[in-house]
Amino acid sequence: MIQIESLSKNFAEKKVLKEVSLSIPNGKITSLVGSNGAGKSTLLGIISRILEPDQGAIIISEKNIKEYKNRILAQHLSILKQSNHINLKLTVRDLVSFGRFPYSQGRLTAEDELKIDEAIAFLNLTEIAEDYIDELSGGQRQRAFLAMVVAQDTDYILLDEPLNNLDMKHSVQIMKILKELCQQKGKTIVMVIHDINFASYYSDYIAAMKGGQVIHFDKTENIIEPHILHDVFDIHFEIIERGGRRICNYYDN
Amino acid sequence: MTDILSLSEEQWLVLRVSRVPRTIALLLAGIGVSVCGLILQQMTQNKFVSPATAGTLDAAKFGILAALILLPEAGGVLKVLFTFAFTFLASLVFLKIADRIRYRNIIFIPIVGLLFGGILNSVTVFFAYQFNIVQDVGGSGESYGAWMVGDFSGVLEGNYELLYLCIPAVLLTYLYASKFTVVGLGKDFSKNLGLNYRSVLNIGLVCVSLTISVIAITIGMIPFLGLVVPNLTSLLLGGNLKKTLPFTAIFGAIFLLICDIIGRLIIFPFEVPIGMMVGVVGGVIFLVLLLKRNR
Numbered sequence: 001m002i003q004i005e006s007l008s009k010n011f012a013e014k015k016v017l018k019e020v021s022l023s024i025p026n027g028k029i030t031s032l033v034g035s036n037g038a039g040k041s042t043l044l045g046i047i048s049r050i051l052e053p054d055q056g057a058i059i060i061s062e063k064n065i066k067e068y069k070n071r072i073l074a075q076h077l078s079i080l081k082q083s084n085h086i087n088l089k090l091t092v093r094d095l096v097s098f099g100r101f102p103y104s105q106g107r108l109t110a111e112d113e114l115k116i117d118e119a120i121a122f123l124n125l126t127e128i129a130e131d132y133i134d135e136l137s138g139g140q141r142q143r144a145f146l147a148m149v150v151a152q153d154t155d156y157i158l159l160d161e162p163l164n165n166l167d168m169k170h171s172v173q174i175m176k177i178l179k180e181l182c183q184q185k186g187k188t189i190v191m192v193i194h195d196i197n198f199a200s201y202y203s204d205y206i207a208a209m210k211g212g213q214v215i216h217f218d219k220t221e222n223i224i225e226p227h228i229l230h231d232v233f234d235i236h237f238e239i240i241e242r243g244g245r246r247i248c249n250y251y252d253n
Numbered sequence: 001m002t003d004i005l006s007l008s009e010e011q012w013l014v015l016r017v018s019r020v021p022r023t024i025a026l027l028l029a030g031i032g033v034s035v036c037g038l039i040l041q042q043m044t045q046n047k048f049v050s051p052a053t054a055g056t057l058d059a060a061k062f063g064i065l066a067a068l069i070l071l072p073e074a075g076g077v078l079k080v081l082f083t084f085a086f087t088f089l090a091s092l093v094f095l096k097i098a099d100r101i102r103y104r105n106i107i108f109i110p111i112v113g114l115l116f117g118g119i120l121n122s123v124t125v126f127f128a129y130q131f132n133i134v135q136d137v138g139g140s141g142e143s144y145g146a147w148m149v150g151d152f153s154g155v156l157e158g159n160y161e162l163l164y165l166c167i168p169a170v171l172l173t174y175l176y177a178s179k180f181t182v183v184g185l186g187k188d189f190s191k192n193l194g195l196n197y198r199s200v201l202n203i204g205l206v207c208v209s210l211t212i213s214v215i216a217i218t219i220g221m222i223p224f225l226g227l228v229v230p231n232l233t234s235l236l237l238g239g240n241l242k243k244t245l246p247f248t249a250i251f252g253a254i255f256l257l258i259c260d261i262i263g264r265l266i267i268f269p270f271e272v273p274i275g276m277m278v279g280v281v282g283g284v285i286f287l288v289l290l291l292k293r294n295r
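Just so you know, the protein sequences line up as chains A and B, in that order.
First residue of the first sequence: 1, per the working numbering; consecutive thereafter.
First residue of the second sequence: 1, per the working numbering; consecutive thereafter.
By construction, these hints were calculated from the structure, which means they are not laboratory data.
Ideal placement from N, C-alpha and C gives every residue a C-beta, glycine not left out.
A portion of the hints provided could be inaccurate.
[Unchecked claim] Covered stretches of chain A (chain B as the covering partner; in silico rule of three or more C-beta atoms under 8 Å from a C-beta of chain B):
#, stretch
1, 44–54
2, 62–73
3, 95–104
One chain only, chain B, in its complex shape (with noise of 0.2 Å):
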């Protein structure tokens, strides 16, 4: 304890500089990818679609790559527009393809969500090798040799601030919980109910494409994150998004939160890339929840 009260000058300089931003954006991206995943299954009505099977994070990747080789002295905020276009532009794909495929099985649309990021991601890496910057794309992740896993270790002052502008989408989501769960139950419930279906739909592919956008240039790639935490909590307290919004940003952050701590413990004084941490915790939970679904 008296630690914390005296600390000398060089810890607080660790502190400001590098653990108070890497905690701030463990949470920050905690909130934003969680809820982007249930967006992403309100709008597609689909329980295991998240911006990892629905191409959103391919998009992204795709768009810093384009952002390096078309603008290569681009500032941060340029490079972020860029790749949010990208990726709103291959949501909005995704979208019209899963509501053009009339087979609705809950694990079809997931598969050409899959199928989807592949072509995005297959196209990606010519271009990276083409142009010989393969280890150039991506956070801080190329430090394991890993393509833009995500990982927090990198995050010092200065170089995650963009993350910040996760919190005016987030927000602008719960502005919309409402109507996102009338999105969620169809496209004929909504013009029922007067609900300007398409619009409430762009409103959520701005936002889940711009806080995809900023994490993944920020930190990388955090797959099964925003499967897991969506379905979680929807499992725990229902699918009223007005109600389960918060609880799921919240579990979001905890859940990173953990999982960074885990992966800085278990083969310390190194660490496990959070990614990676996300996708075997992420993973067995997961497998887990299926399990007893078809119990």
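Next up, chain A with everything else stripped away, as it sits in the complex (with noise of 0.2 Å):
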């Protein structure tokens, strides 16, 4: 479980997070949502220690973040954030290495080839595992950095915005890997997601979040609910159920 505890933190004089508390159930995917600047990726950022906070704490396997070795926190969650031009001409198996730099600090054991060889293989890469990073189309780019979070194999891993800039076949494909990594192998997932219908469609959690705080946190099928989400994102929705679905149309405002 992660357990964030009365989280604030200021950008100057704006307040972008105000006294958030959240508990993130494990082995379940929880999806972020809100409007821009909500403080989605700033609640994510502070998760994962990118981001330091004025005040509050993060408590992961009943454990302060602040306690961890950088080295030891690294083998139990991973970020993989939404900006990810790289300036390395760097192979996808040169990448995916890095997955395993928790462990081996770049002196790869066989136990880690064959770790690298699994997530290759898991994201589909096989084929193109050593061609160059910045060859790639953005989906395969894309696969090649989750098959590096699946590499570093950490029970927590958080996404920011995995689905920017990808068209729509290449987002199921992304949603469903992560279904994949959620159910197979028992990962919790955490994510910024914008779309709210991808969101709907896969996630078990959703917290929505609104100027600096978390107001509605729950199921997601009770969370898809014109009321809450009007409250969320002042539009107005439509919500259309299709085999315990639930879709929003919410192009008509």
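Each chain sits in its own coordinate frame; assemble them with the hints.
This is the structure in structure tokens:
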């Protein structure tokens, strides 16, 4: 479980997070949704220790993340940021190998090699494993980064807009992979996502943020309700239910 | 062939005192400057940064001048330490500046580096004139009237041995090769992998500052080398330092050796200082690289 305890963060005078508290359940996909500037990415950044909070604490496996050694925490928790422009010429395999860095510090063992091969296979990258990252398409590149996260083999995976710049086909592909990671490998996934329908279709829990606070947190089916979504986004939502899944139509506002 | 086998005593002396030291100095400087360029490029995540465009060389010059003024009687090692301290501090400042720049344009950071180096340089020149030691500062380049242009013609047994300090520094960068690759992928990326970003940066800075300091003191400035060689290597072999760092070192040594040979042949029996040779050859190669990139 990731426990977030009264987290606050200011950028200059602006309060980006206001005493946010939340418990994110294990082995599930939790989506953070909300308008631009609601504080989603900041919250994710603090959970992943890339940003320092001004107040509050993050508890992972009953231990404050500040008490973990860098290397050990990197074996428990990984984050994939949205802007992954790499200006180094690396092959897919090179990149995925870095996922083993917290374990081997760059000197790969036989076990590391095995995990790397597994991760590459899991993301269907075997054929392009020796290709350079900067020559791949957007969807392939995103899969390569996910493969690195898979090789890092952490219980907790944080993703900041994993579908950014991907077309529909590749978005679905990525979400399916995440679902598999969660169901087959028991990973806990927390992601910031803008497309409410992807969130509705693929996540188990949704935390809705507004003005630096989590204003709703519940199972997905309890969040995808017209009045709650209106509360979060200030626009009108029509919910269409098909076979137990809820799709939002908000295009007519 | 028989000439080589039957060297006269005098020829042996020349070989031992001048030719061998010169070749070793060339190899070490070639390796040192190219590897430093590579490490600086990783640390700033910018392919256009090199000792010449990050103010590192200017800081070394400044350090040498300060050592001459403040500790005129100092021996080689003390001079190195002094210069090293200046170079390290200046590089630290440059990294801080580069880190602060929000506008992460690929050309902008080296331009800031050039400005930074220019400021250091002007301070150095000012004090050099004040103390009337413009001619004294730097390697053996003064015989050409150019200030600290790298030159190997003055390398003799007994005056180049400081260069051996490059070896441990370069070996250390190789041990840290994977870590420098991760650092080159950014601060957040490093944090995610549990890498202590700051301490790797500091180690890189120590290696770069030490190497550049001893090269500046014994040889002088060799521009372009630290820019061209790492870029050529990464263009050909990619960006994983574990694989490319040894090649960068070897290419650097060969490149410098070739420049030296050309420089000694074209106006024989005189020689063109290596700094100029590298500037010309490296400049041309770099222009070609740039044009190819834009195509």
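Now for the hints, and whether the structure bears them out:
Check result for the stretch 44–54 of chain A against chain B: holds, 3 residues qualifying (beta carbon to beta carbon below 8 Å, three or more required). Coverage of a stretch by a chain is defined here by at least three residues with a beta carbon nearer than 8 Å to that chain's beta carbons; for the stretch 62–73 of chain A and chain B the count is 5, and the condition holds. Interface restraint, the stretch 95–104 of chain A with chain B: holds (4 residues with C-beta to C-beta distance below 8 Å; minimum three).
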